[in-house]
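Q: Below, each chain spelled out in residue letters.
Protein chains: 2
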Amino acid sequence: MSDGIGKRTELAKELIVREIWNRGAKQGDRLPSCGTLSKKLNLGRATVFRAVKKLQEEGILLARDRVGVFIADPKTPGRVSYQIGLLIGNMNSSPFNNLMSIYLQNHCNDKGCRCLMFHPAHVLHQTALEDSLSAHLGVRQQIERGELHGLLTQLSLSEENRDYLEKHRIPYCFAGGLSPNPAHLSVVISLPEVTRMGSRRLSLAGCRNPSMLAPEAEQFSEAAELFKKMTGGTCVPYQNLSDLGSLAQKILRLPPKKRPDGFLIPDDLVAQLFYSALIRQNGSGYLPHAVILAPAEQLLPFPGESEVIEFSVMELARRAVGLLLENIRNYSPERQEIILPLKVGKNVL
Amino acid sequence: MSDGIGKRTELAKELIVREIWNRGAKQGDRLPSCGTLSKKLNLGRATVFRAVKKLQEEGILLARDRVGVFIADPKTPGRVSYQIGLLIGNMNSSPFNNLMSIYLQNHCNDKGCRCLMFHPAHVLHQTALEDSLSAHLGVRQQIERGELHGLLTQLSLSEENRDYLEKHRIPYCFAGGLSPNPAHLSVVISLPEVTRMGSRRLSLAGCRNPSMLAPEAEQFSEAAELFKKMTGGTCVPYQNLSDLGSLAQKILRLPPKKRPDGFLIPDDLVAQLFYSALIRQNGSGYLPHAVILAPAEQLLPFPGESEVIEFSVMELARRAVGLLLENIRNYSPERQEIILPLKVGKNVL
Chain A
1 MSDGIGKRTE
11 LAKELIVREI
21 WNRGAKQGDR
31 LPSCGTLSKK
41 LNLGRATVFR
51 AVKKLQEEGI
61 LLARDRVGVF
71 IADPKTPGRV
81 SYQIGLLIGN
91 MNSSPFNNLM
101 SIYLQNHCND
111 KGCRCLMFHP
121 AHVLHQTALE
131 DSLSAHLGVR
141 QQIERGELHG
151 LLTQLSLSEE
161 NRDYLEKHRI
171 PYCFAGGLSP
181 NPAHLSVVIS
191 LPEVTRMGSR
201 RLSLAGCRNP
211 SMLAPEAEQF
221 SEAAELFKKM
231 TGGTCVPYQN
241 LSDLGSLAQK
251 ILRLPPKKRP
261 DGFLIPDDLV
271 AQLFYSALIR
281 QNGSGYLPHA
291 VILAPAEQLL
301 PFPGESEVIE
311 FSVMELARRA
321 VGLLLENIRN
331 YSPERQEIIL
341 PLKVGKNVL
Chain B
1 MSDGIGKRTE
11 LAKELIVREI
21 WNRGAKQGDR
31 LPSCGTLSKK
41 LNLGRATVFR
51 AVKKLQEEGI
61 LLARDRVGVF
71 IADPKTPGRV
81 SYQIGLLIGN
91 MNSSPFNNLM
101 SIYLQNHCND
111 KGCRCLMFHP
121 AHVLHQTALE
131 DSLSAHLGVR
141 QQIERGELHG
151 LLTQLSLSEE
161 NRDYLEKHRI
171 PYCFAGGLSP
181 NPAHLSVVIS
191 LPEVTRMGSR
201 RLSLAGCRNP
211 SMLAPEAEQF
221 SEAAELFKKM
231 TGGTCVPYQN
241 LSDLGSLAQK
251 ILRLPPKKRP
261 DGFLIPDDLV
271 AQLFYSALIR
281 QNGSGYLPHA
291 VILAPAEQLL
301 PFPGESEVIE
311 FSVMELARRA
321 VGLLLENIRN
331 YSPERQEIIL
341 PLKVGKNVL
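These protein sequence lines are chains A and B, in that order. Taking our numbering, the leading residue of the first sequence gets 1, the next gets one more, and so forth. Taking our numbering, the leading residue of the second sequence gets 1, the next gets one more, and so forth.
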């Protein structure tokens, strides 16, 4: 067998595996006939036949005489249906980001895709996460070689980068973070919904003078308005995580009656930092009720009395990978946004 | 050009890229002549010539007339020197594990290797992490196809699995965790060193009745002995993370004078859980001095007064990938262990 034929057989094997994945086939499912596959994959019948034989030798397919060819092992690690890039966030910024990266890769693997992490060396320690695509040269190189079928991103992309991806008809999905995100595809948490749920929980807990602890960013000004309308409370803004210590100090200097009697904090690490600072500066004398947005799979232990607005990172990753694969198969330029469901739970850790 | 020739050229390209990585070549370095490469790579001179031309077209090499061929871009994403598997730990178990997974992948990429994460769906929610290799079928499949050059593992491997890897002469490196680990290659944190450093810090902080909070495992019995010898204190064992709440309760029931006046805790998440439980049950009335082993890159905010024994996850990953690559290039069956340096810092978060 010459190398030339070998190469076409390899391609046929790859396309058959992709077909198996695309159909969501399970162990024991019957493979379509070589004739059907040949038409569908636009490959010679002999090539398809050789590829099927090879996949039998590798234990991925199983032939039963006079019955047909069946799928022996739909999990075919190393065989790849699509190659998907993962643009990860700043590695150290939050345990949530890291957990998310791993779940996204896990779900890509589960769907038979190879996930290539584009390492964040270039964006590390950058505060501006814009233009992250050009900082990840690897992404552009792979796209221009036609070796990347889709992109998952934990970072917000600049308009220029979004245009670039759209020009190349590469579907990309923003995974995680608070809504809205202008990405082609996105799975997000609704900030208004978090604000509404949080406001209600604080009211139910009897808080009369609650505050929302949120970053000083345009995205949050609307949420702050909503919070004020629902609870009568105000938004306490911070610029960096390092501000939280002095913010705690400032609040502790207020007369006890003027201090907020509850906090809505849409970031679990911020909640940890802020309450730890309160305790280090003042013991447990002032630990108001907290409502915290946090990933269900990795609840950080919390020293104060708290409720959690939970979302599932596993579900987030599952939906993001699903949405992306759908668009790889049938590209549509329309924006699609999935709002992740939330639920209220007690932080029992 | 027939497919057959194309395939050999592809192989030559791959081997040249691997050669560039192996030599740690930088931008502007001169490529050895086609004759030298042909001998070294055991490939025809014409094939090497074609591969070099191709790599020039792709912008990886740069020819200067009458001078030679130079390396234009030693970072060649998508081109791969080695394919390395990553066997990750239980995803939810600790933020440290996740950070580690990401740094390991990052360093593999930095060294021009493709890192394939073997997803832990099979080991998730398993308490026994033994036999993890057979649970990750993908690893065996890739090894048997000759497509895996080395393995990074965050899990301890059973003797059977270690034998299997050694039989196939696949170098594997255990990254992270407390020493000793029986892996072929390992980068670990020395538990005796942590115990010595922690005991000294507790003494310097004036603790007279300190305790060590550690899992009930054989690995820790020697450390407990050492801790007792150095401080006169005892080891408080726990079996699961869910024990920590009742452990806090038990200690709070002791008369204040009988309670430990300091803790050595070789796990940052355990420290968080334990101190959060103390605060929730008793406010800030009893928050003894804590010495905590924690990753420098991701210090969790801590409510009590604490010192940190720091290690660098970045350094851990860098050394593990370095050790593995060295052994891929020159396989040696001898065990090699690197002890990661530690330093003492104040937890300033």
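Be aware that a few hints might be false.
[Unchecked claim] List time: in silico SDA-like cross-link candidates among lysine to any residue, alpha-carbon distance up to 25 Å:
(1) A:K250 / A:E305
(2) B:K111 / A:R145
(3) B:K111 / A:R140
Source of the hints: derived by calculation from the structure; they are not laboratory data. Predicted model only: the values in this text are computed from it and were never measured.
Q: All hints are to be evaluated individually against the structure, with a verdict given for each.
A: Status of the hints after comparison with the structure:
no., hint, verdict
1, A:K250 / A:E305, "21 Å, holds"
2, B:K111 / A:R145, "21 Å, holds"
3, B:K111 / A:R140, "19 Å, holds"
Hint check: no violations occur; every hint is consistent with the structure.
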